[in-house]
Amino acid sequence: MTLLAVDIGGTFTDLVGFDPADNRFFHAKSLTTPDDFSGGIVDCIRQSGLDVGAVGLLIHGTTVAINTLIERTGAKTALLVTRGTRDVYIIGRGNRPEAYNLFFHRPRPLVSRRLTLEIDERMKAGGEVLTPLDSAEVEAHAETLAEEDIEAVAVCLLHSYANPAHEIEVGKILRRVLPGPFVSLSHEILRAYREYERISTTVVNAYIGPRVSGYLENLQTRLEGIGYRGDVAIMQSNGGTMSPETARHRPATMMESGPVGGIIASAEVGRMLGFPNVIAFDMGGTTAKASLIRDGEPTYAEGYHVGGYASGDPVILPVVDVVEVGAGGGSIAWIDEVGALKVGPQSAGADPGPICYRGGGDLPTITDANVVLGRIGADAFLGGRMLLDADAARRGVEDGLARKLGMKVPAIADAVVRIAINKMSLAVREVSVAKGYDPRDFAMVASGGAGPLHAVAIARELHIPTVIVPRFPAHFSALGMLVADERHDVTRTYLAALANVDAADVTRIHDEMVSDARGMLRATEDVEFLCSLDLRYVGQEFSIAVPVDRSMLEAGRFDEIRERFDELHERRYAHHAADEPVEMVNMRLAAVSRQPKLDLPVLAVGEEPGGATRRPVLLDDWEIPVECPIYRREVLPAGTAFEGPALVQEPASTTVLFNGDRCEVAETGEMIVSVRETR
Amino acid sequence: MNLALDPVTLEVARNAFPAIANEMAVDLQRTSYNMMIYEVRDFCTAIVDVDGRLVSQNVGGVSHFVSDLGVIVIDAVERYGRDGFAPGDVLITNHQAVAGQHLNNIVVHVPYFFEDKLAFFAMVRAHWIDVGGSSTGFGGGPKVVDPWLEGLQLNQLKLYDAGALNEPLYRMIEDNIRFPESSMGDLRSQIAACRLATRRLEELFRKYGPATVHDALERVFDETEAKCRAVVAGIEDGVYEAETFFDHDTQNRDERLRLHARVTVRGEEMTIDLSGCAGERKAAINARTYAAAYVAYKALTAPLEPVNEGSFRALKVVIPEGNIMMARFPAPMASWSLIIPSVVDTIVAALAPAMRDRVPAAHHGLLGGSVVFFGRHPETGRNFVVQSIEGGGWGGRPGEDGESATVSVCQGDVRNATIEGIELKCPVLVEQRALRTDSGGAGEFRGGLGIDMNVVNLVDGRWNFQGSLRKTAPPWGLWGGEEGGTHTYLLKEPADAGFREIDVQGHAVPPRAEAVVRTGGGGGWGDPLDRDPDKVAADVAEGYVSSEAAERDYGVVLDAETLAVDVAATAALRRARRRFGGWSMVSTGKAFSQSLVSWRKGGNRRIFRTARHSGIPSSNTKERLP
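Going down the list, the protein sequences come from chains A and B.
Count along the first sequence from 1, then add 1106; that gives the number in the working numbering.
Count along the second sequence from 1, then add 3; that gives the number in the working numbering.
FYI, nobody ran anything at the bench for these hints, they're computed from the structure.
There's no promise every hint is true.
[What the hints assert, rightly or not] Restricting the straight-line Cα-Cα distance to at most 20 Å, the calculated cross-link-like pairs of lysine to aspartate or glutamate (EDC-like) are:
hint : chain 1 : residue 1 : chain 2 : residue 2
1    : B       : K210      : A       : E1204
2    : B       : K474      : B       : D441
3    : A       : K1514     : A       : E1504
4    : B       : K210      : A       : E1686
5    : A       : K1703     : A       : E1631
6    : A       : K1510     : B       : E205
7    : A       : K1514     : B       : E221
8    : B       : K120      : B       : D9
9    : B       : K230      : A       : D1544
10   : A       : K1541     : B       : E205
11   : B       : K230      : A       : E1204
12   : B       : K428      : A       : E1686
13   : A       : K1448     : B       : D164
14   : A       : K1230     : B       : E517
15   : A       : K1510     : B       : E226
16   : B       : K319      : B       : E205
17   : B       : K428      : A       : E1234
18   : B       : K285      : B       : D257
19   : B       : K210      : A       : D1727
20   : A       : K1182     : B       : E545
21   : A       : K1510     : B       : D455
22   : A       : K1448     : B       : E226
23   : A       : K1448     : B       : E221
24   : A       : K1230     : B       : D463
25   : B       : K428      : A       : E1257
26   : A       : K1448     : B       : D218
27   : B       : K428      : A       : D1726
28   : A       : K1448     : B       : D463
29   : A       : K1448     : B       : E517
30   : A       : K1541     : B       : E206
31   : B       : K285      : B       : E434
32   : A       : K1448     : B       : D9
33   : B       : K428      : A       : E1647
34   : B       : K210      : A       : E1536
35   : B       : K230      : A       : D1442
36   : A       : K1230     : B       : E382
37   : A       : K1230     : B       : E434
38   : B       : K210      : A       : E1504
39   : A       : K1541     : A       : D1401
40   : A       : K1230     : A       : E1253
Computed from a prediction, not measured in an experiment: that's the story for all the values here.
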């Protein structure tokens, strides 16, 4: 059964296929078709020459969810809430993260205040009914909304995480009176306390729902039209896949559907090569991203603000934890008003792009600096299909930067790259050192077009001993989708002193969560259920997720759970308080159905790297060009080894090795670089 | 080679020091035990050099802590001498003679040595939930008459001496505060954050060497200063003044409290002179701080840049001893920050004529909007405190409406408590958290709205209420905009027929009393008659503005059914209004126009009152500088 993964980016739609029968990969790339994304997918499939009928599963990562939200092109949405809470969504948390900015902006609501309607009903914190639901009022609201041509409705009632009965009833009435619109009930999306965050997450889900549903239906129709008979799976922000039916119901889980693939692929490559602890590092055109993988598992955040913390929309659904900085190949180098050299966060993007791309860009970028240093070969880019304008890059660096600072062109180019490396190192630090992990215990997997170009220098900065450059680093996200597990996360608030937690209670909730997750799962067998408890010392606000299993809950082994919490607190914050009482806030459950791992094709073995040419490149010292061997990635045999200085070129990327770095090529083609000065 | 001149090392230093302070802040917030730290973010983390110069400070917390830890280091070095510190020392202090804030703000600082040489101090100031004294909470409130009633005096004491814990001191602190489990937890978090910083500093010094680090820092300071100077150079030279009033100082209700700012701009330099503010009070609303001037200057010069010593080098602040902002020990300071947001607003307003496109109308101006109800839970037998900080309206600003329901200019990433979070922990019901229609000042760009938060207590307990202090001078409008609604507290006890205004700390109530925490709105910017009628119609449709107010304040007539703008009627009404009112500078005979802020630029003093259609001076004269 052939597997296909399709990743839709801003410019290109990437396809990676794998045929386990003859251990073969397929690639195809076509221009993204923004009017109807499925067009690019169908093009790719046609281009790859695959027998569509033989494909068993197509896994798809897409930016349709996040774009609908950020571009504000979602549905006309209404919101139903408990009496007295109409403005909670607008008021939010009242904060101003930009403390000195008099021109700050609060998040922009997706629902107008006029279409936010209150319902007479009230639950208490424990879930007891204080005021019964006024069904007649709900019906009247539904009729009002029908006249307004509403396309989606979000329902979020106070304390529905504890008792969803009223929300369920409201949902029934809405579907009866108002059959057309997309309806999201908050407890089905996020069953945790904190009403503002739950409202925002539910509203986002409803707002993007109709468009995402339309997209998925259209995709399935188009696929059927070309004879596709297999399954479709959609990537979620948590790095797992889900069925299109679940995706239509919970589209807010798709925010990071595209980018997470690279992190899953990094974990998989690490696992295969015997590095369970990996820092995934991806550098594309506009940003660089870092994420930490421990014992083969990504780390998660409980959610994030889409569009930035200061004025973005909170979507509190598990997401692979990523730190992103504004440093990509297209990031612009500039001189600020007091003469300091800066890199990013403004980017020349794909259009006009770096100067050397000949697309009309006239501001020097990180890519231009690398061309000036000779690290990107002007005639080797995209396998020579796109000849870069090295002279223009040099002139851009000279006119834009060197002359103003009174420095030599190569010195400035070197400084630009170093500053970018420092910025990216801070991102890598943030996911590792700042969370209590020592980078020396990790290998870095470098992906994205610009990742391999800078990874070794970043690794040296942070004492990371090993850098792994996977095959096809520029198509890495799609590769990750091929190996992603099916995964569903559910959360339940359960606030109680850990000492008073009732074992039978939490076991029952555990089983309910298992059953909720099963409702979303496509797989029925071999499902793992990973449970954790969010714990904190009484008085703290932030909690730590402590892994547990059902037997520990059933047997009430809370002392043992507490000890684990103390240990995790010590690791993360370098102190703990064994005598302080601990409380439980949420239970979390992930249902995971493992995808069979791929047997990656093995390369031919050879002693010599072969095919090396030479050219002068500026590496450690910008004044002294090094006559550097340039290897071609496509012909590197397995088992070969070589030392830096060296460049390894492949169509969409270049790996830079400095003097003393040593590279070995693995059986399956990955380059494993031992970084100098790290031991 | 002098690496300090290398742009890469400079950029590294520029990024690395703020990153350390921010990492300290994240850890503190995530491990602290009280909502003043994890929600209100009432803390700061910083690295300060031996001369008291600010190397870096965290971003996002309470704004009025900006760059105010230097005095603590200068004082410590004076007392102990440069040779009086050892690796492993941990100092603790809150003394008002130097710190100038309420005693709840506990500073912990740790010296950092590189190869036996004292280089920096890592510091954390954090608001403890209690420091003993006469009452729990904010140092006992404005009633407290002296610092000893407010709480424990910790005066630059070594809690650890070269790594050895001073156990009697630790126990003395633990035994003299009401919530030791919370505060000693916070103390552990503060120490851990400082130690984290020393580890990060060590990595940096090892890699670059002390000379390079110090050289790079000097350059970073210089560049920051130059950026601020460039902004000030763009402001027309002159002397700008503004003043406003609080109704009273919370205790002596017979006298208004004057806030006044005189801002002199000459070339690249700015002087902020607060000599015209009231003198120190018997009420505990005094402070000893440059915070108001610093926050205003920062907001006008480089609001999004990290803070360091260079941020304020081109600013001169004048506050005479004995001023309410430069109070002398033992003037009480329990509610030290109460008036600071309004002082900031007054400074910013003074510059409105010079920076028309950079200065918003007044915001609600109060640190408060605080919800505080406490008691003992009858079921658990444990003490509980309901605490939240509610936001109010911000002023309309050139080009856009003010934001609604947002914390003051002195508070950054301060979050209200969620209704569900409150009800999970405390026996109360939050009946509503709602925007107040018409509370935003009318203007071409409307002021943001304040809110009403209604809370019913299910058990008996005590409420802290702080009555309105801005009735006679509500948040002002600019350029013809109108003032915003004022804040207050209302209470309805079970026997009462309706709500009444209330202004009492620790007011005991029986079960099922209902309190309303009402926050103010922001002032409007520009003449409301110039507001796009379609925007007014949209505001009415959304319920931000009532139909009556649309007609009364904006001269916009709407169809009662469809809420569409009646173009002809609106044009006629606006014409008539303009003839009647127009741009008179001082409106008289309007009951609602008490006063707001008066401006002075140059020698001629002109007092403006916000009133419908009042405006800006048409004949402002500029003082010639000697």
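Quick rundown of the hints versus the structure:
At most 20 Å may separate the alpha-carbon atoms for a hinted pair to count; K210(B) and E1204(A) exceed this at roughly 32 Å. For the suggested pair K474(B) and D441(B), the alpha carbons sit about 16 Å apart, so the restraint of at most 20 Å is met. At most 20 Å may separate the alpha-carbon atoms for a hinted pair to count; K1514(A) and E1504(A) meet this at roughly 8 Å. Straight-line distance between C-alpha atoms of K210(B) and E1686(A) comes to about 39 Å, which puts the hinted pair past the 20 Å bound.
Of the pairs offered as hints, the one joining K1703(A) and E1631(A) holds, with about 17 Å between alpha carbons and a cut-off of 20 Å not exceeded. For the suggested pair K1510(A) and E205(B), the alpha carbons sit about 35 Å apart, so the restraint of at most 20 Å is broken. Between K1514(A) and E221(B), the direct Cα distance comes to roughly 25 Å. Violation of the 20 Å bound is thereby established for this hinted pair. Restraint check for K120(B) and D9(B): not satisfied, since their Cα atoms lie roughly 25 Å apart, outside the 20 Å limit.
With a CA separation close to 37 Å, the supplied pair K230(B) and D1544(A) exceeds the 20 Å bound. A distance of roughly 18 Å separates the Cα atoms of K1541(A) and E205(B); the hinted pair therefore holds under the 20 Å criterion. Restraint check: the Cα-Cα separation between K230(B) and E1204(A) comes to about 19 Å, which is no more than 20 Å; the hinted pair holds. A C-alpha spacing of about 18 Å is found between K428(B) and E1686(A), which places the hinted pair at or below 20 Å, so the restraint holds.
Proposed proximity of K1448(A) and D164(B) is contradicted: the alpha carbons are some 43 Å apart, above 20 Å. Of the supplied pair hints, the one linking K1230(A) and E517(B) holds, its CA atoms being roughly 17 Å apart against a limit of 20 Å. The straight-line distance between the Cα atoms of K1510(A) and E226(B) is roughly 16 Å, inside the 20 Å bound, and the hint therefore holds. Taken as a hint, the K319(B) and E205(B) pair is broken in the structure, with Cα atoms around 34 Å apart against an allowance of 20 Å.
About 15 Å separates the Cα atoms of K428(B) and E1234(A), which keeps this hinted pair within 20 Å; it holds. Between K285(B) and D257(B) the alpha-carbon distance is near 13 Å, which keeps this suggested pair within the 20 Å criterion. Between K210(B) and D1727(A) the CA atoms are separated by roughly 18 Å; this keeps the pair inside 20 Å, and the hint holds. For the proposed pair K1182(A) and E545(B), the alpha carbon gap of about 15 Å is at most 20 Å, so the pair holds.
Restraint check for K1510(A) and D455(B): not satisfied, since their Cα atoms lie roughly 56 Å apart, outside the 20 Å limit. The suggested pairing of K1448(A) with E226(B) holds, with an alpha-carbon distance near 13 Å, which does not exceed 20 Å. For the suggested pair K1448(A) and E221(B), the alpha carbons sit about 18 Å apart, so the restraint of at most 20 Å is met. As the CA atoms of K1230(A) and D463(B) are separated by approximately 18 Å, the hinted pair is consistent with the 20 Å bound.
A hinted pair counts as satisfied when its Cα atoms are at most 20 Å apart, and K428(B) with E1257(A) does not qualify at roughly 37 Å. About 19 Å separates the Cα atoms of K1448(A) and D218(B), which keeps this hinted pair within 20 Å; it holds. A hinted pair counts as satisfied when its Cα atoms are at most 20 Å apart, and K428(B) with D1726(A) does not qualify at roughly 59 Å. Our distance criterion of 20 Å between C-alpha atoms is broken by K1448(A) and D463(B), whose separation comes to about 59 Å.
At roughly 55 Å between alpha-carbon atoms, K1448(A) and E517(B) are farther apart than 20 Å, so this suggested pair is violated. A C-alpha spacing of about 16 Å is found between K1541(A) and E206(B), which places the hinted pair at or below 20 Å, so the restraint holds. Our distance criterion of 20 Å between C-alpha atoms is broken by K285(B) and E434(B), whose separation comes to about 37 Å. In summary, the hint linking K1448(A) to D9(B) is supported, as the alpha carbons are separated by about 13 Å, within the 20 Å threshold.
A hinted pair counts as satisfied when its Cα atoms are at most 20 Å apart, and K428(B) with E1647(A) qualifies at roughly 12 Å. Note on K210(B) and E1536(A): the hinted pairing holds, with a Cα-Cα distance of about 19 Å set against a maximum of 20 Å. Taken as a hint, the K230(B) and D1442(A) pair is honoured in the structure, with Cα atoms around 9 Å apart against an allowance of 20 Å. Taken as a hint, the K1230(A) and E382(B) pair is honoured in the structure, with Cα atoms around 16 Å apart against an allowance of 20 Å.
Among the hinted pairs, K1230(A) with E434(B) is consistent with the structure: their alpha-carbon atoms are about 12 Å apart, no more than 20 Å. For a cut-off of 20 Å, the pair hint linking K210(B) to E1504(A) is broken: about 30 Å separates their Cα positions. A threshold of 20 Å between alpha carbons decides the hint, and for K1541(A) with D1401(A) the separation of about 16 Å falls inside it, so the pair holds. Under the criterion of a C-alpha separation no larger than 20 Å, the hint pairing K1230(A) with E1253(A) is inconsistent with the structure, at around 33 Å.
The structure shown violates the earlier hints numbered 1, 4, 6, 7, 8, 9, 13, 16, 21, 25, 27, 28, 29, 31, 38, 40.
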